[in-house]
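The whole structure should be built from the sequences, with the hints applied where relevant.
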Amino acid sequence: MAANSWKEILDGQMPEDWSHEIDIFEGQMELRRQGKLDEKVFAETRLRRGVYGQRYDNGQRHDGIQTQTLDFPSGDLTKGPNTVWDAPGMQRIKVPFGGLTPDQLDVLAQLAEEYSDHILHVTTRQDFQLHYVHIEDTPDIMRRLAAVGITTREACGNVVRNVTACPLAGVCRDETFDVSPYAKAMTFFLLGHDDTQDFGRKFKVAFSGCGDNPCGLVKMHDLGLLAKTKVIDGEEKRGFAIYVGGGLGAVPHQAKLLTDFLPEEQILPLSQAISRVFARLGEKKNRNRARIKFLVSQLGIEQFRRLVFEEMESLPEDVRWTEFIEDAHQHVDNPLKSGSSLNGQTPLEGFTEWYATNVYHQRQAGYHVVTINLPLGDISSHQAYHLADIARKYVGDNIRTTVEQNIILRWVAGEDLVALYRELKAIGLGEPGAGTIVDITTCPGTDTCKLGIASSRGLAGELRERLTAKSATLPDAIKDLKIKISGCFNSCGQHHVADIGFFGNSRRAGNYKVPHFQVVLGGQWDENAASFGLAFGAVPAKAVPDVLDAITERYVAERERGERFQAWVSRLGKAEIRNMLEPFMNVPDYEVDPSFYSDWGDSRQFSIGDIGVGECAGEVVSLFSIEIAKAESQIFDAMIALDEGDYQAADESAYKAMLLGARALIRTQLLDVSEDPDDIVQEFRTRFYDTELFYDKFAKGKFGRYLFARHENPTVNPDEDSAHRLIEEAQLFIESCHDTEARVNGVIVA
Amino acid sequence: MSLNRISIKYFVRRPETIDPGDFIPVFQKWIQNHTVEGLLIDVVDYKHVYQGPGVILIGHEVDYAFDLSEGRPGLLYTRKRALQADLRDALHDAFRLALIAAEKIESDGALHGISFDTSEVIVSFHDRLLAPNKPETLDLVREDVSVALQAIYGDANFEIELASDDPRHLFSIRVVVPKADDLPTLIARLDAGVPVSS
Ligand code: SF4
Chain B
1 MAANSWKEIL
11 DGQMPEDWSH
21 EIDIFEGQME
31 LRRQGKLDEK
41 VFAETRLRRG
51 VYGQRYDNGQ
61 RHDGIQTQTL
71 DFPSGDLTKG
81 PNTVWDAPGM
91 QRIKVPFGGL
101 TPDQLDVLAQ
111 LAEEYSDHIL
121 HVTTRQDFQL
131 HYVHIEDTPD
141 IMRRLAAVGI
151 TTREACGNVV
161 RNVTACPLAG
171 VCRDETFDVS
181 PYAKAMTFFL
191 LGHDDTQDFG
201 RKFKVAFSGC
211 GDNPCGLVKM
221 HDLGLLAKTK
231 VIDGEEKRGF
241 AIYVGGGLGA
251 VPHQAKLLTD
261 FLPEEQILPL
271 SQAISRVFAR
281 LGEKKNRNRA
291 RIKFLVSQLG
301 IEQFRRLVFE
311 EMESLPEDVR
321 WTEFIEDAHQ
331 HVDNPLKSGS
341 SLNGQTPLEG
351 FTEWYATNVY
361 HQRQAGYHVV
371 TINLPLGDIS
381 SHQAYHLADI
391 ARKYVGDNIR
401 TTVEQNIILR
411 WVAGEDLVAL
421 YRELKAIGLG
431 EPGAGTIVDI
441 TTCPGTDTCK
451 LGIASSRGLA
461 GELRERLTAK
471 SATLPDAIKD
481 LKIKISGCFN
491 SCGQHHVADI
501 GFFGNSRRAG
511 NYKVPHFQVV
521 LGGQWDENAA
531 SFGLAFGAVP
541 AKAVPDVLDA
551 ITERYVAERE
561 RGERFQAWVS
571 RLGKAEIRNM
581 LEPFMNVPDY
591 EVDPSFYSDW
601 GDSRQFSIGD
611 IGVGECAGEV
621 VSLFSIEIAK
631 AESQIFDAMI
641 ALDEGDYQAA
651 DESAYKAMLL
661 GARALIRTQL
671 LDVSEDPDDI
681 VQEFRTRFYD
691 TELFYDKFAK
701 GKFGRYLFAR
711 HENPTVNPDE
721 DSAHRLIEEA
731 QLFIESCHDT
741 EARVNGVIVA
Chain F
1001 MSLNRISIKY
1011 FVRRPETIDP
1021 GDFIPVFQKW
1031 IQNHTVEGLL
1041 IDVVDYKHVY
1051 QGPGVILIGH
1061 EVDYAFDLSE
1071 GRPGLLYTRK
1081 RALQADLRDA
1091 LHDAFRLALI
1101 AAEKIESDGA
1111 LHGISFDTSE
1121 VIVSFHDRLL
1131 APNKPETLDL
1141 VREDVSVALQ
1151 AIYGDANFEI
1161 ELASDDPRHL
1171 FSIRVVVPKA
1181 DDLPTLIARL
1191 DAGVPVSS
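Sequence order for the protein chains is B and F.
For the first sequence, the working numbering gives the first residue as 1, with consecutive numbering after it.
For the second sequence, the working numbering gives the first residue as 1001, with consecutive numbering after it.
Only true hints are included.
Capping the alpha-carbon separation at 30 Å, the derived lysine-lysine pairs in DSS-like fashion look like this:
(1) B:Lys-450 - F:Lys-1029
(2) B:Lys-697 - F:Lys-1029
(3) B:Lys-36 - B:Lys-202
(4) B:Lys-7 - F:Lys-1134
(5) B:Lys-202 - B:Lys-184
(6) B:Lys-450 - B:Lys-700
(7) B:Lys-40 - B:Lys-285
(8) F:Lys-1134 - B:Lys-393
(9) B:Lys-656 - B:Lys-702
(10) B:Lys-630 - B:Lys-656
(11) B:Lys-202 - B:Lys-284
(12) B:Lys-656 - B:Lys-700
Which bits of chain B does chain F cover? Going by a derived footprint, with three or more residues having C-beta under 8 Å, they are:
(13) 55 to 65
(14) 102 to 110
(15) 377 to 384
(16) 457 to 467
Worth flagging that the hints you see were computed from the coordinates, not collected in a lab.
Backbone N, C-alpha and C fix where the C-beta goes; we use that ideal spot for every residue, glycine too.
Below you can see the structure in the form of structure tokens.
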């Protein structure tokens, strides 16, 4: 019979240091069980092993009627603050630059069957995630992964996360050079490095092979490296343009250019120097301001640059900085087959459509990249086994995950395309539409994320189904639009860089809460996520499909020849877009259409209220509704001003919108508040901020501080960037006013 | 032999008439009403995955799923924790709860007359360490499985075989019972019987 434990059976197959780290983690689990390790310390330890919390792990769940206590057998034992030991969690699995082999895919599938729910989920950072995993199973999961060369170390926590890179690196027709070996070198250089262990927040790194295409998204990363060459002393040298301080999150930041050319041998010491500066000067206490983007903003890019290059000068020499370079220059992929053409083969039904969207001609003649379009980033264990076999047959180890939550097979010979399509189709992986409007990116949302407000996956599933059903008749103009959805303002679904983005929130209608999505338009995915979209207003979740139809139909009808979506959005103007959305913003009464009161893919009522509305409360609610509407229209003025290039006016309007929002809230308690900004801020601070009524469960008082910051330090000469940011902040502030009012007036149960 | 995870799948008749989405409110109701044993946590919708796990009611000890894998929809009962130490008892318990769940589904008006075929069942052991997918493992568990099946199917003849010969797959056995009784009869027989290991 088999051995007694995976540890025993895999002994000698795992890298020694990885095996040792897993043993240590197992030891820490035992200490925690015995109460000898503090829950906060254990939580960070666990996160650094990729073992993440999941929705309902505080032991409570609203079942649509009432909140149920989930009585896990572990009782009071926790694996972090407010996190029950026995509650199912998520295991994130790092896949550096998305590179994967068939053997690794097999093991991932096996783990999904034994410890999870038979699903492998591909994330927007090219990772895999397993959900509903019990913490006791995680050491064996890690061992089985380590035995095939995969680590979960630093997949979560305040560390360097999975290093991503263009999935086409090495085969792309536009790239400057293949960035894969550089991404790999940086992954393992920074993994567990002493200088990356003391960050206040996570740190994300991305590589891109060129400046024009979106695959690497370097401008929305903490550290982005964009491949470049430069002739120095008559010799062509490889290097990178370096970007720092980018990020999405609640308020997106475009990365700043640190240097436009850094020679290849300096990228590792530079990353180390940045890590040191970030660890030394980055915010540690307030996690909402702890990403490196805030440090870059606070110091200014010049000062940040000076500190980093000074730090670099002082670093002790490390052979690893350069020892990978020779290999990087010699690195080539190993195709399994000889390149060939497709000519002469009888196409199967559906092949032409699939070929048009899912096949990319590599720079190397006779070879192709095939994209497997995964619905919502999910692949079943059965599909994964089959896919591993297909890869072994056609491409060998040349598999990668993508930031659009798909999987690609590289180095497919032309003559194999028809047979490959047939085999993919047989296992449900031959869907066309990769990279098109049906290929929607989404974060986990309320399915599993603790912070989710609305069901991003439910909405994505619904839109995908509807768009797929009419894909044959979709106008060409909209086929390539990008839709990206997040379950809350945190932007893990990357809604800021989509043509059409949505992020979840909720609104009150009568005595109920109704799932809504903010509509974000005009973000730019191209040029490495070059610009961010703006939110135009919240619509009920159930109205989103109609909103999407309205937007796309109007774009098709009114676009000028060759006009891109982003250009059309800006030509149409904010007022007109708002007009277009307004008819969809109304929520029908519950008695008229109760479907609006539950979310996509979830039959539970989104929330119910044990209302008990007194006269006073009724009036106050009504007053609040009127006053908050003023704040919303003020924010809209700010957007118009931004559009017109009047940054001063945009800045002032955004500030006024926050004051109006704060005043609306204050007037639920004190009707006689003046309109003097000092009075409003003072009253707001004492009544809502100091009392923590204006606290978001996870963002804490962050949104309130947006008002204080602008009130105390008026922007001097606002520019586009600062005005845009203040508008974003004001929108979040107003969202928070809605939440606070609903909470304070006690009518919301969920 | 002690195994940590066991699943049991009964297939539905006329699967083309069933909308997997109908299981979402049914499973949510099970959580609200504590319809089945154990701690029930959440409902997950994977019906967008081709022949995937369908709709799953996630629990602490047990998951229930309207599973679509291999294109053969059915109720998949997966015991993941707190199994009986003895394999016969564990199987007996797992079959009992799987059948009870199947009966509740059959009697749920929201599922429009769905019915299960009791003449075929797949039993899987989600533990490659103790139960790799090979004929020797079948030899090891055959007797325990047979005893558990007799407690359910009585004197009816049944055949047992490996469900897949792919060593990567879960160790799964297919049981075919040509003359199987319906669900209520099977449950009544199980309830009337004594624990199989005694
Ligand atoms: S965007 Fe919000 S809901 Fe989505 S994964 Fe991030 S935190 Fe969770």
